[in-house]
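> One letter stands for each residue in the lines below.
Number of protein chains: 2
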Amino acid sequence: MAKVMVIGAGPAGLRAAESLARFGLDVLLVEQAPYLGGALARHRYGGLMPYFDSGPQVLKAMTAVVTDHARVTVCTESQVGRVESTDGGFQVELMGQTATEEHVQAVILATGFTHFDPRRDAKYGYGLFPDVITGAELEEQMAAGPVHRVSNGAIPESVAFIYCVGSRDRQVGNTYCSRVCCAVSTKQGIELRQQLPQARIVMFYMDVRTYGLWEDQLYWRAQEEAGIVYVKGRVAEITQHDGRPLLKGEDTLIRGPFEWEFDLVVLATGMEPAAGTAALAAKFGVEREPHGFLRQAKPMVSAAITNRPGVFVAGAASGPKTVEDSVMEGDVAAMAVLEHLGVKATP
Amino acid sequence: MAKVMVIGAGPAGLRAAESLARFGLDVLLVEQAPYLGGALARHRYGGLMPYFDSGPQVLKAMTAVVTDHARVTVCTESQVGRVESTDGGFQVELMGQTATEEHVQAVILATGFTHFDPRRDAKYGYGLFPDVITGAELEEQMAAGPVHRVSNGAIPESVAFIYCVGSRDRQVGNTYCSRVCCAVSTKQGIELRQQLPQARIVMFYMDVRTYGLWEDQLYWRAQEEAGIVYVKGRVAEITQHDGRPLLKGEDTLIRGPFEWEFDLVVLATGMEPAAGTAALAAKFGVEREPHGFLRQAKPMVSAAITNRPGVFVAGAASGPKTVEDSVMEGDVAAMAVLEHLGVKATP
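Those sequence lines, one after another, are chains W and X. So in my numbering, spot 206 of the first sequence is number 196, and the numbers just go up one at a time. So in my numbering, spot 54 of the second sequence is number 44, and the numbers just go up one at a time.
Any given hint could be a false lead.
Remember, identical chains collapse to one label, so a pair may be satisfied in a single copy or spanning two.
Stated by the list, open to error - Dumping the calculated EDC-like pairs for lysine to aspartate or glutamate here, alpha-carbon to alpha-carbon at most 16 Å:
{"no.": "1", "residue 1": "222", "residue 2": "241"}
{"no.": "2", "residue 1": "288", "residue 2": "314"}
{"no.": "3", "residue 1": "288", "residue 2": "43"}
{"no.": "4", "residue 1": "113", "residue 2": "249"}
Keep in mind the hints are simulated off the structure, nothing from the lab.
With the sequences and hints as input, model every part of the structure.
Have a look at this one:
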């Protein structure tokens, strides 16, 4: 039976591996980290949008299927070296604890994303002021215990979220929207309200993009049940005053400037292609779109098709995605592989 | 080989049928309309977001694969009658020109959506004022020839788009966001600019939800290249003045009321579950979510899984979707069917 290499073991890669293996194909699942689960594992997401599924449980279910499956060989702490085209596929050098050569008939690139590093946008004071953290760091705090100010360990009485950090921003080079941060921040606000019944929680946004069924599930609920305040406005600068972050900006609805202190500030950092995406794309001859994500060549036929026959894409490698969307694309990529290989069902 | 019934021949159903048939399964594709293609055919979409693919070409490619495939039996002008569970699947009465009984091992519900009927929200004057049209009617105008005022056939010198008609609106009973209308309207604005180089084109919005890679591809391009104006504001009422629609509302950014005449007004109507969704759900024992769409029971595993084993969902039947998302879900549903049936690949 054909052998397929899936590169990246986040939700998209895990689902692709599972679907191919279930079908009877052999799968080599390659992951550079020492663990499976991608960003879900890396940041220990507690609750997942939009239905507050338990992140650890989803992660456990996703990984168990793959690690238990006889047809899936998991190679963690492994990276792709040299790639060569062959008659029936690709010869891929795999560099882990030892170097091996693998011959596979098709490849799925599911290399995911990394969060924008807010140190690249000095106005937020990230790295300088301890109580300015990222959304991923907030998830890690919530997973580990009560949310607290990093500066002194105190429980915050006021929390600000700043949307579109590293997204929709020509100055930092990312003109796209990261698609999930509005909803993730809203979800975090609702979770935070459980821990902090009295705190002031304010969202600073450009547009609230809780699209589709997230609208009432998250956005309305945040306002009507959790008492979260949404302010349309751009934060121009964060400084520090009496040991607390001070936000300066303009409220575009009341058309006036504001200066507002908070105990804790959460930056909703956007998604960028994972480090190494460009190099991997070059090795496999796959084109990238203008923002550096892998280009979907025929999205009206299959989201998984790239310009290179035999090489497919799934998940956030082709642009910002939710966990659910990444799981979907895992299946779509598996289906595209089956089509490419001309696999038929046993009668 | 197993036989699968796919109900609904829009992008999701067409793709599901294609992927299952390619694999060797027999597919019965059931469609109540006399044509294939769903909303894509019904409204003759000219250009598709976000890359302005030709709607007719996409439609032709999607339908050709299915109509040419020996394993797909297409039943147009057909509806589902009585449904009974059997040992290995479902016994379904099919009512077309004649009534037949079909036995299938699995079912995919891909029944899509209908647009919100703006007659249900009297403030827009739709049906009363001829120059207030829907986005779908604008597509039909663009497909047929130059865009014109319905009242007198004149080329419009000013066009207003009103977002969120029938969406995000508790008063009309639809609290969800329809997910695509911001981007579809923006795409239409860009297309309109080609035809109307001098016209004033204004978008009235709540939030501009051109999420992900649509942001610069559509929203920035509309503003920077096509000179389209975006006004954050709710239109409270449309009346008519000197034979032209008169919009009254409040600009929430400048915090002032406006009265503004336009030659043509386009209502970006949202998506609702297709007529008959409730009845079909009841026949198959499939649950609906609070807005009446079919409920995805395990979106973190597969978008296609419903509460009922053997019955799957794809496309806008489970909530507002783009064409691309619907095509993806066609593959996801096909994969879920293969899993459900325990289909394996031939070695």
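> All hints, please: hold or fail.
Here is how each hint holds up against the structure:
Proximity of residue 222 and residue 241 under a CA criterion of 16 Å is satisfied in both settings, with 6 Å inside one chain copy and 14 Å between copies. In this assembly of identical chains, the alpha carbons of residue 288 and residue 314 lie at most 16 Å apart only when taken from different copies (10 Å versus 21 Å within one copy). Taking identical chains as interchangeable, the C-alpha atoms of residue 288 and residue 43 lie at most 16 Å apart only when they sit on different chains, with a minimum of 10 Å there against 32 Å within one chain. Proximity of residue 113 to residue 249 under the C-alpha cut-off of 16 Å is restricted to the intra-copy arrangement: shortest distance 14 Å within a copy versus 39 Å between copies.
Checked against the numbered hints given earlier, this structure breaks none of them.
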